[in-house]
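Chemist: These are the residues of each chain, in order.
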Amino acid sequence: MKSRIPVVLLACGSFNPITNMHLRLFEVARDHLHQTGMYQVVQGIISPVNDKYGKKDLVASHHRVAMVRLALQTSDWIRVDPWESEQAQWIETVKVLRHHRSELLSSLPQMEDQDPRTAPSAPAAVPELKLLCGADVLKTFQTPNLWEDAHIQEIVEKFGLVCVSRSGHDPKGYILDSPILRHFQHNIHLAREPVQNEISATYIRRALSQGQSVKYLLPDAVIAYIKEHSLYTKDGSCKGQGTQRSKGKTS
Amino acid sequence: MDTSEKTDVVLVACGSFNPITNMHLRLFELAKDYMNGTGKYRVIKGIISPVGDAYKKKGLIPAHHRVIMAELATKSSHWVEVDTWESLQKEWVETVKVLRHHQEKLAPGNCDYSQSSPVLERPGRKRKWAEHRQNSSQKKPLEPNPKGMPRVKLLCGADLLESFHVPNLWKSEDITQIVAEYGLICVTRAGSDAQKFIYESDVLWKHQSNIHLVNEWITNDISSTKIRRALRRGQSIRYLVPDLVQEYIEKHNLYSSQSEDRNAGVVLAPLQRNTAEAKQSNSTA
Numbered sequence: 001m002k003s004r005i006p007v008v009l010l011a012c013g014s015f016n017p018i019t020n021m022h023l024r025l026f027e028v029a030r031d032h033l034h035q036t037g038m039y040q041v042v043q044g045i046i047s048p049v050n051d052k053y054g055k056k057d058l059v060a061s062h063h064r065v066a067m068v069r070l071a072l073q074t075s076d077w078i079r080v081d082p083w084e085s086e087q088a089q090w091i092e093t094v095k096v097l098r099h100h101r102s103e104l105l106s107s108l109p110q111m112e113d114q115d116p117r118t119a120p121s122a123p124a125a126v127p128e129l130k131l132l133c134g135a136d137v138l139k140t141f142q143t144p145n146l147w148e149d150a151h152i153q154e155i156v157e158k159f160g161l162v163c164v165s166r167s168g169h170d171p172k173g174y175i176l177d178s179p180i181l182r183h184f185q186h187n188i189h190l191a192r193e194p195v196q197n198e199i200s201a202t203y204i205r206r207a208l209s210q211g212q213s214v215k216y217l218l219p220d221a222v223i224a225y226i227k228e229h230s231l232y233t234k235d236g237s238c239k240g241q242g243t244q245r246s247k248g249k250t251s
Numbered sequence: 001m002d003t004s005e006k007t008d009v010v011l012v013a014c015g016s017f018n019p020i021t022n023m024h025l026r027l028f029e030l031a032k033d034y035m036n037g038t039g040k041y042r043v044i045k046g047i048i049s050p051v052g053d054a055y056k057k058k059g060l061i062p063a064h065h066r067v068i069m070a071e072l073a074t075k076s077s078h079w080v081e082v083d084t085w086e087s088l089q090k091e092w093v094e095t096v097k098v099l100r101h102h103q104e105k106l107a108p109g110n111c112d113y114s115q116s117s118p119v120l121e122r123p124g125r126k127r128k129w130a131e132h133r134q135n136s137s138q139k140k141p142l143e144p145n146p147k148g149m150p151r152v153k154l155l156c157g158a159d160l161l162e163s164f165h166v167p168n169l170w171k172s173e174d175i176t177q178i179v180a181e182y183g184l185i186c187v188t189r190a191g192s193d194a195q196k197f198i199y200e201s202d203v204l205w206k207h208q209s210n211i212h213l214v215n216e217w218i219t220n221d222i223s224s225t226k227i228r229r230a231l232r233r234g235q236s237i238r239y240l241v242p243d244l245v246q247e248y249i250e251k252h253n254l255y256s257s258q259s260e261d262r263n264a265g266v267v268l269a270p271l272q273r274n275t276a277e278a279k280q281s282n283s284t285a
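Chains as they are written, first to last, in the numbering used here: chain A, 1 to 251; chain B, 1 to 285.
Rather than coming from a laboratory, the hints here were simulated on the basis of the structure. Some hints could be false.
List of simulated lysine-lysine pairs, DSSO-like, C-alpha gap at most 27 Å [claimed, not checked]:
1. A:K215 / A:K227
2. B:K226 / A:K215
3. B:K97 / B:K57
4. B:K206 / A:K215
5. B:K139 / B:K75
6. B:K6 / B:K251
7. A:K227 / B:K90
8. A:K172 / B:K226
9. A:K158 / A:K139
10. B:K226 / A:K227
11. B:K139 / B:K57
12. A:K215 / B:K56
13. B:K57 / B:K251
14. B:K6 / B:K56
15. B:K97 / B:K251
16. B:K6 / B:K57
17. A:K56 / A:K227
18. B:K58 / A:K234
19. B:K58 / B:K6
20. B:K226 / B:K58
21. A:K55 / A:K234
22. A:K55 / A:K227
23. A:K215 / B:K90
24. A:K215 / B:K97
25. A:K215 / B:K6
26. B:K226 / B:K75
27. A:K234 / A:K215
28. A:K172 / A:K234
29. B:K40 / B:K206
30. A:K55 / A:K215
Chain A with its partners taken away, still in its complex shape (with noise of 0.2 Å):
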């Protein structure tokens, strides 16, 4: 019998804030690869982004890392890695695949963990690494300018990508529309959400900022964080900056 080939699940992104949306992508991205009989997913990373991004309204990467590690306390197969964040500038999404994947390579398991008495069973396999995101990110490949072409190319060429659907995008759509996209289509896996959940981080930061309830869009560790620590507020102390830093080891 085949033995399933072992699977890193990648998500990138902004996690301003990190939301049960997010949580789900995995869970859906790892029921499809299951699913397919071809795939074991053994570990889920997010990689929140570096603050030198520059997005309007993202708070410092110390708080999204820790609201996404409290988020991920009662996971048991995701974390959260902050290496992207840590970096001094922002970072191409090629190029955390790279660090990770050089990380799953130097990280495998060596000889003598093996009972010595049983027959040497075959070495481990190497997890293969794959960039997990929503529909809506694969458009953005289409963005002039967004993205490098060649950096698209060995992103679905030597990762592979899993693409949850979300509404309003049609992500066979985009493949069909691209070259690249086309070319490596089998090296990307389009997962179905079948329950519509559209938590846009962009909506939970303005419910907050206008007072209104978020509970039960976001883990209650999260919204305790959020509060505690006055993030997403109307007066524009959104950035969550200066020279205070979260209790823990995040910096």
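Let chain A serve as the given structure and place chain B on it in line with the hints.
Modeler: Chain B alone, transformed into the frame defined by chain A:
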């Protein structure tokens, strides 16, 4: 407007909650923000009233599980709680009677906010159940406005509003009473459909000031049906329902093709009752 001029409101949501989802919980948050935002109301409490097993809906699992899941789901809420009165009745209870029951409980004399509905007795489960009940009675809903009595209002989604049209599902006098005496807060995505619905109904139109339409800007389609389907297919329901609910479902293996077949072929209680009564009144005419 100072607090004493506002009308205190208690939101009651009736339904199967089979199982409860994040969408159900959102209804309360959206309704509360909306009503408080009008400046005329002060939402002091939310009540989830799961329907009794006698409702006989297809796929409906036993009430005590549905009640426990709702309790787990509202554990972290300071103002929304679960009431078991409806689920404990032997026969199915019309929604208007549930509203009446809760309104009467709020009357002075009956007014005791720590009073909770009878504990669900079940051999072997009593201790666990009591633990749940204990946790939920730690809620502190707002103290009622001493001047006026809190008003009970029915909280629902657009599907319930539109179900008014289903033949024999509702008694027309019940619908009238719900909108005339209590009031409806309907959370809906497509506000205009609900508005059209109200426009096309004389009764709803007459009492439109008592019908509040709340816009849900985020498409949040987490229906219990889809949750159950996902579970049958071994798919994840994490982040669609509270973690405690997901764990409870998994631990007790609540939903399967078997559970979905419960009540298959059985007529829904309101249809049964209203058709029988119609026949009765026809034959005595």
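Chemist: All hints are to be evaluated individually against the structure, with a verdict given for each.
Modeler: Hints, one by one, checked against the model:
1. A:K215 / A:K227: With Cα atoms ~12 Å apart, A:K215 and A:K227 stay inside 27 Å; holds.
2. B:K226 / A:K215: 21 Å, holds
3. B:K97 / B:K57: With a Cα-Cα distance of about 19 Å, the restraint between B:K97 and B:K57 holds, given a limit of 27 Å.
4. B:K206 / A:K215: Violated, because 34 Å separates the two Cα atoms, which is more than 27 Å.
5. B:K139 / B:K75: Cα-Cα ~9 Å, so holds.
6. B:K6 / B:K251: Given pair B:K6, B:K251 is violated - Cα atoms ~45 Å apart, limit 27 Å.
7. A:K227 / B:K90: 45 Å, violated
8. A:K172 / B:K226: 24 Å, holds
9. A:K158 / A:K139: Since the Cα atoms of A:K158 and A:K139 sit roughly 20 Å apart, the hinted pair holds (cutoff 27 Å).
10. B:K226 / A:K227: 32 Å, violated
11. B:K139 / B:K57: Given that 27 Å is the threshold and the Cα spacing comes to 31 Å, the pair is violated.
12. A:K215 / B:K56: 32 Å, violated
13. B:K57 / B:K251: Holds. B:K57 to B:K251 sits at ~24 Å (cutoff 27 Å).
14. B:K6 / B:K56: 40 Å, violated
15. B:K97 / B:K251: Between B:K97 and B:K251 the Cα gap is close to 34 Å, so the pair fails against 27 Å, i.e. violated.
16. B:K6 / B:K57: Violated: B:K6 and B:K57 sit about 39 Å apart, past 27 Å.
17. A:K56 / A:K227: It holds: about 20 Å lies between the C-alpha atoms, which stays within 27 Å.
18. B:K58 / A:K234: Judged against 27 Å, a Cα distance of about 47 Å means the pair is violated.
19. B:K58 / B:K6: This hinted pair is violated, its Cα atoms lying about 42 Å apart.
20. B:K226 / B:K58: The given pair, whose Cα atoms are some 14 Å apart, holds under the 27 Å limit.
21. A:K55 / A:K234: Holds, because 18 Å separates the two Cα atoms, which is no more than 27 Å.
22. A:K55 / A:K227: With a Cα-Cα distance of about 22 Å, the restraint between A:K55 and A:K227 holds, given a limit of 27 Å.
23. A:K215 / B:K90: Violated - the C-alpha atoms of B:K90 and A:K215 are around 35 Å apart, more than 27 Å.
24. A:K215 / B:K97: Not OK: A:K215 and B:K97 at ~30 Å, beyond 27 Å, violated.
25. A:K215 / B:K6: Holds, because 25 Å separates the two Cα atoms, which is no more than 27 Å.
26. B:K226 / B:K75: Holds, at roughly 24 Å.
27. A:K234 / A:K215: 18 Å, holds
28. A:K172 / A:K234: Measuring from Cα to Cα gives roughly 39 Å; hence the hint is violated.
29. B:K40 / B:K206: 20 Å, holds
30. A:K55 / A:K215: 25 Å, holds
In terms of the numbered hints stated before, the structure departs from hints 4, 6, 7, 10, 11, 12, 14, 15, 16, 18, 19, 23, 24 and 28, listed from lowest to highest.
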